[in-house]
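Trainee: Listed below are the residues making up each chain.
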Amino acid sequence: MRGPGFLEQLETALPGSVAGSRLDALDPWIEIEPSRLVDVCRWLREKSEVRFDALECITAIDWFEPDSKKAAKATWQPHTELVYHLWSTASRVSIVLKVKLPRWKGDVPGQLPEVGSVTGVWRGANWHEREVYDLSGVWFTGHPDLRRILCPEDWEGHPLRKDYEQPLEYHGIRGR
Amino acid sequence: MTQPQVNPTPWIEGRFEENMVLTTVEQAINWARQSSIWPMTFGLACCAIEMMAAGASRYDLDRFGAGAFRATPRQADLMIVAGTVTYKMASRVRRLYNLMPDPKYVIAMGACTTGGGPYFKWGYHVVKGVDLVVPVDVYVPGCPPRPESLLEGLMRIQDKIQGQRIAKRTGSVGKVDDELPVPHHSGYVVSPVADGSLVFDHQKVQS
Ligand code: SF4
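Sequences listed follow chains A and B, in order. Be aware that the first sequence starts at 1, since it is given in my numbering, and climbs by one per residue. Be aware that the second sequence starts at 1, since it is given in my numbering, and climbs by one per residue.
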């Protein structure tokens with residue numbers, strides 16, 4: 001990346017959107033405030049000097065409560081983290097955006113955390129976001145067609161969450 | 001009381017001179033049937049690659065008359081379930097099985113279809129054995145099984161066909177005696193939506 005100057009440009013363009021960053025890492029990353037994610041993405045694609053015109057992937061990581069034996073050494077609070085890998089085909093640089101969400105909206109189990117959808121910025125985000133919703137349970141507000149993409153439509157739960165429990169029965173077929 | 005012999009040589013065989021071949025209708029039909037088992041084109045995962053290898057020139061499934069992979073269940077006698085059966089696919093597997101004309105046979109190919117295989121413990125989406133959905137005649141273990149194993153499985157199906165009797169035995173109800181019980185699990189193929197309302201998105205018709 002183009003060093004700290006880039007970060008200052010982002011801060012001036014969209015004040016209060018950066019929650020943290022590390023640009024000297026192998027994969028330089030910027031942490032974004034969830035509420036500003038769509039604005040930042042649009043700025044990165046359309047306004048910044050390095051146009052990030054390709055969204056490579058969206059990943060969700062479930063940071064679950066640590067095991068009681070390891071809790072003392074744990075450095076995190078339970079949360080869900082979204083990771084966006086962006087690529088600029090013209091300048092051949094990549095950047096990673098991170099967004100930290102609560103595991104459940106308002107800490108009520110069953111209420112999916114919400115974040116804005118970036119389908120309006122990159123059309124390709126459509127299926128990525130559907131997959132993240134399906135497997136990790138993040139609700140993307142403003143997504144045109146947010147339904148399950150891999151699991152059957154009447155599936156319950158989000159399998160890649162750490163507290164997911166396997167079904168014992170599905171439409172009369174024994175689970176184990 | 002002596003047990004009836006399962007497959008005796010017909011009394012008429014070998015009684016006439018060389019150029020005349022005589023056999024029973026039963027043997028002729030079984031012979032014809034076992035030499036033309038048409039499998040259904042149906043591969044679900046990695047095992048299907050090995051099934052294709054069995055069908056290609058090196059292993060040549062066609063030697064057994066089973067090389068005509070049909071693209072429709074209506075023309076198929078044999079379903080080789082090659083690969084991981086997920087819950088989402090299970091109802092489709094069952095539907096395809098129901099569409100096949102009798103007599104029909106199923107080979108469960110690979111560890112996944114015999115009992116869940118590598119997905120047994122943590123595969124939340126995998127049916128733990130396709131015999132929970134359709135009756136299986138021959139299990140071919142392996143991950144994936146070598147083409148030779150699949151050929152062996154096919155020969156066991158042939159043995160099974162050869163042992164079939166046309167004549168009804170007293171007490172049977174016209175079914176093949178060794179017919180397998182059909183599992184009652186069926187996904188949602190045979191349980192219609194009660195009030196006629198559409199439940200799933202793919203059932204909607206674009207107007
Ligand atoms: S048994 Fe092994 S090779 Fe066959 S479908 Fe399962 S994982 Fe793939």
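It is worth saying that the hints were derived from the structure and are not from the lab. Incorrect hints may appear among the rest.
[Unchecked claim] Heads up, simulated DSS-like pairs for lysine-lysine below, C-alpha to C-alpha not over 27 Å straight-line:
| id | chain 1 | residue 1 | chain 2 | residue 2 |
| --- | --- | --- | --- | --- |
| 1 | A | Lys-98 | A | Lys-73 |
| 2 | B | Lys-121 | A | Lys-69 |
| 3 | A | Lys-70 | B | Lys-121 |
| 4 | A | Lys-162 | A | Lys-69 |
| 5 | B | Lys-88 | A | Lys-162 |
| 6 | B | Lys-104 | B | Lys-128 |
| 7 | A | Lys-162 | B | Lys-121 |
| 8 | B | Lys-88 | B | Lys-128 |
| 9 | B | Lys-128 | A | Lys-162 |
| 10 | B | Lys-88 | B | Lys-121 |
| 11 | A | Lys-162 | A | Lys-105 |
Trainee: Give a verdict on every hint.
Mentor: Right, here's what the structure says about each hint:
A threshold of 27 Å between alpha carbons decides the hint, and for Lys-98 (chain A) with Lys-73 (chain A) the separation of about 23 Å falls inside it, so the pair holds. Among the hinted pairs, Lys-121 (chain B) with Lys-69 (chain A) is consistent with the structure: their alpha-carbon atoms are about 24 Å apart, no more than 27 Å. Proximity of Lys-70 (chain A) to Lys-121 (chain B) is assessed by CA-CA distance (about 25 Å); at most 27 Å being required, the pair is judged to hold. Of the pairs offered as hints, the one joining Lys-162 (chain A) and Lys-69 (chain A) holds, with about 17 Å between alpha carbons and a cut-off of 27 Å not exceeded.
The suggested pairing of Lys-88 (chain B) with Lys-162 (chain A) holds, with an alpha-carbon distance near 22 Å, which does not exceed 27 Å. With a C-alpha separation of about 22 Å, the suggested pair Lys-104 (chain B) and Lys-128 (chain B) falls inside the 27 Å cut-off, and the hint holds. Under the criterion of a C-alpha separation no larger than 27 Å, the hint pairing Lys-162 (chain A) with Lys-121 (chain B) is consistent with the structure, at around 15 Å. A distance of roughly 13 Å separates the Cα atoms of Lys-88 (chain B) and Lys-128 (chain B); the hinted pair therefore holds under the 27 Å criterion.
Proposed proximity of Lys-128 (chain B) and Lys-162 (chain A) is supported: the alpha carbons are some 22 Å apart, at most 27 Å. Among the hinted pairs, Lys-88 (chain B) with Lys-121 (chain B) is consistent with the structure: their alpha-carbon atoms are about 18 Å apart, no more than 27 Å. A distance of roughly 17 Å separates the Cα atoms of Lys-162 (chain A) and Lys-105 (chain A); the hinted pair therefore holds under the 27 Å criterion.
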